[in-house]
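Colleague: For reference, the chains in residue letters:
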Amino acid sequence: MLGLLGLSSLAALLSLSSGAYATTWGQALAYLLHDDGSHSAFAVVALRLPRLLCAFGVGIALSLSGALIQVIVRNPLGDPGLTGVTSGAAFGVALSLTLISASPIGLLTTGVLGGSFAAFLTLTIAGGPRAAQPVHIILAGIAVSVFFLAATSGVLVMSRSSMQTLYIWLVGGFINRSWTEFTLLWPVLFVGVSAALLLSPVLRLLRFDDDTATALGLRPALWRAVAGAVSVLLAAVSVAVAGPLGFVGFVAPHLARILISRRLAHEHMALWLGVSGLLGGTLVIWADTASRLILAGRAPAGVLIAMIGGLAFLVLARKELSLGK
Amino acid sequence: MASSVKYVLVIAALILTTVFSLKLGAVSASWADVRGVFDTDPDAVSRAILNLRWPRIVGAAVVGCYLAVAGLLFQILLRNPLADPTIFGVSSGAALAVVIAMNIVIALGSGTEGGASASYLPTQLVPPIAMGGALCASFAVVALAWKKGMQPLRLLLFGAVLAVVLNGAVMTLVLSLSEARTELAILWLAGSLYARDIADVLPGLWWGLGCFLAIGFYARSLSALRFDRDTARAMGVETKVAVPVLLLAAAALAASAVAIAGPVGFVGLLVPHITRLVFGPSVRHMLLGSALFGALLVMLSDLVGRMIAPPLELPVGIVTSLIGAPFFAVLIRQSLRKVAL
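Line by line, the protein sequences are chains X and D. So the first sequence is numbered by my numbering: it starts at 1 and just counts up by one. So the second sequence is numbered by my numbering: it starts at 326 and just counts up by one.
Keep in mind the hints are simulated off the structure, nothing from the lab. We put the CB at the ideal spot given by N, CA and C, even for glycine. It cannot be assumed that every hint is accurate.
Simulated restraints, written as ranges between beta carbons of each label pair [unchecked claim]:
{"#": "1", "chain 1": "D", "residue 1": "Leu534", "chain 2": "X", "residue 2": "Thr124", "range": "23 to 33 Å"}
{"#": "2", "chain 1": "D", "residue 1": "Ala468", "chain 2": "X", "residue 2": "Leu4", "range": "43 to 53 Å"}
{"#": "3", "chain 1": "X", "residue 1": "Leu99", "chain 2": "D", "residue 2": "Ala520", "range": "46 to 56 Å"}
{"#": "4", "chain 1": "X", "residue 1": "Arg318", "chain 2": "D", "residue 2": "Ala432", "range": "52 to 62 Å"}
{"#": "5", "chain 1": "D", "residue 1": "Pro569", "chain 2": "X", "residue 2": "Ser178", "range": "26 to 36 Å"}
{"#": "6", "chain 1": "X", "residue 1": "Gly106", "chain 2": "D", "residue 2": "Ala327", "range": "36 to 46 Å"}
{"#": "7", "chain 1": "X", "residue 1": "Arg207", "chain 2": "D", "residue 2": "Arg658", "range": "22 to 32 Å"}
{"#": "8", "chain 1": "D", "residue 1": "Ala432", "chain 2": "X", "residue 2": "Asp209", "range": "35 to 45 Å"}
{"#": "9", "chain 1": "D", "residue 1": "Tyr519", "chain 2": "X", "residue 2": "Ser38", "range": "51 to 61 Å"}
Below, in silico cross-link-like pairs of lysine to any residue (SDA-like), each with a Cα-Cα straight-line distance of 25 Å or less [to be verified]:
{"#": "10", "chain 1": "X", "residue 1": "Lys319", "chain 2": "D", "residue 2": "Ser660"}
{"#": "11", "chain 1": "X", "residue 1": "Lys319", "chain 2": "D", "residue 2": "Lys348"}
{"#": "12", "chain 1": "D", "residue 1": "Lys565", "chain 2": "X", "residue 2": "Arg160"}
{"#": "13", "chain 1": "D", "residue 1": "Lys348", "chain 2": "D", "residue 2": "Trp379"}
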């Protein structure tokens with residue numbers, strides 16, 4: 001736990017101090033406390049800090065969203081990207097940006113609507129939330145996701161955006177994210193995280209099959225819908241801020257499970273959710289920092305996240321599928 | 326309806342699409358200009374059409390034909406109705422190999438006379454390099470999905486994720502290649518026929534011809550391979566030879582298509598199913614029909630992509646994804662009842 005906090009603060013320091021106006025770690029921290037009006041201070045406070053906070057928040061939102069999906073559909077492969085939710089949300093947000101309005105509330109609403117619709121489609125294709133097997137849901141999700149990403153590019157091209165914009169949109173990242181995005185992110189994140197933590201006793205019971213859950217005095221369908229709504233909300237806000245980032249929602253809860261042991265993750269749902277969130281936030285900060293350092297800011301963080309996350313998925317999913325059978 | 330009539334209808338549709346592809350676009354040409362293409366000494370507008378639109382049309386036809394036949398082969402040989410070279414990551418493997426080769430050539434060239442601008446990968450070398458990448462990716466997917474035999478749905482899942490990973494690698498490399506190569510990134514990620522030159526299409530033609538000869542030679546075996554391997558062997562097919570040769574041909578076709586247009590999704594998935602509906606299950610008709618329908622689908626998709634918001638265009642791969650993804654969903658729904666995990 002301490003190590004995790006250490007890792008995230010190390011990433012934060014690195015992220016604040018590196019860039020076109022390089023500063024030492026100490027300087028970067030000093031600028032946070034006292035803005036002396038220099039270019040470096042501006043870079044740290046006005047450019048890097050909001051970007052860092054956005055990355056951290058999006059990481060938390062995505063990993064909690066993924067963790068909730070994994071519990072609701074009892075599917076260890078759950079991820080907002082792989083189930084089509086983020087692509088549906090991206091389509092909603094793109095539609096809203098080009099046709100309706102760019103107001104934060106508008107973006108969020110259309111994002112949630114798009115994400116929910118995509119989730120509904122995925123479940124319908126896979127044959128209902130309970131009948132479906134892990135691989136079926138993900139395959140259905142991939143179909144839904146490809147469709148909505150293609151539709152998103154269609155909307156963007158028709159609204160005369162350049163190909164450059166289109167790519168940054170489809171891949172996701174934190175280039176030029178500012179306080180505007182952060183003010184959209186944090187209230188929703190606060191609501192979503194609190195809701196997820198409050199739901200954790202219920203989530204624990206949802207892991208059992210529905211008959212057991214009912215016998216324990218729970219209405220599984222209702223609570224599954226509530227948890228699903230929270231998950232979609234978190235995914236939608238992260239899309240509105242950063243675009244459709246893949247695999248974070250799969251990888252972070254899995255790493256958390258490995259870190260605190262499978263048994264503890266089962267028994268203390270809130271602990272698992274908390275560790276997943278922190279891990280997700282840390283991973284996304286690292287990815288964003290690395291994309292700035294290695295790719296010199298030319299490629300958005302989403303590229304690195306998709307590559308590393310995809311590799312992690314291949315390894316973990318292989319293990320998970322052989323455990324299940 | 327006799328199958329010869331169906332062939333005539335498909336070919337008529339192809340010719341019609343070709344004519345409209347020549348006429349329509351960001352600048353719509355008059356019919357006289359389109360006719361002028363066939364003159365011995367075409368005027369300026371006709372020449373422009375000939376130089377800009379004609380290569381695209383040929384490229385679309387070739388890409389569609391190759392991808393559809395590759396998809397058909399994968400579907401039969403892997404006995405998986407959901408197989409498609411692009412969903413499987415095979416196309417992304419080909420793209421990655423080409424982009425790596427481009428990077429190496431540029432790295433080598435930057436030290437010599439003429440600098441990086443003089444060091445482009447010779448177009449003749451692109452198809453074989455793409456093929457190497459396609460083969461590596463095919464092996465990787467099969468190895469990942471292998472668990473006491475081939476698992477059809479796992480193959481799809483791991484293939485799809487591998488495609489994402491490889492696309493990420495392609496994107497990183499393309500963007501590190503130079504500052505303003507976004508068009509290139511689109512070509513290698515979404516599949517596009519934008520600004521294709523006839524010189525980009527030609528090298529792929531020879532490879533395709535070789536593949537089609539091999540497929541024609543083994544067409545009878547392919548017909549038997551629709552059943553499981555033991556049955557095919559009992560029917561007198563040398564599976565040890567026929568299967569690898571046909572798989573190689575499929576990978577080569579997919580790779581040649583990638584060398585021309587980048588990964589264009591869902592053509593290999595969609596077309597064999599349409600062909601089966603129209604021409605029935607005979608392998609000979611499936612091969613011919615897939616080639617024709619594949620060409621038609623990609624030509625139409627490219628035309629739609631060009632017409633949707635001129636002068637901007639939607640990459641052809643995105644148009645085919647829009648058509649193909651819902652169809653993919655329907656197939657998944659069907660396979661739930663048939664294929665166990």
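Colleague: Failing hints, ascending?
Modeller: 1, 2, 3, 4, 5, 6, 8, 9, 11, 12
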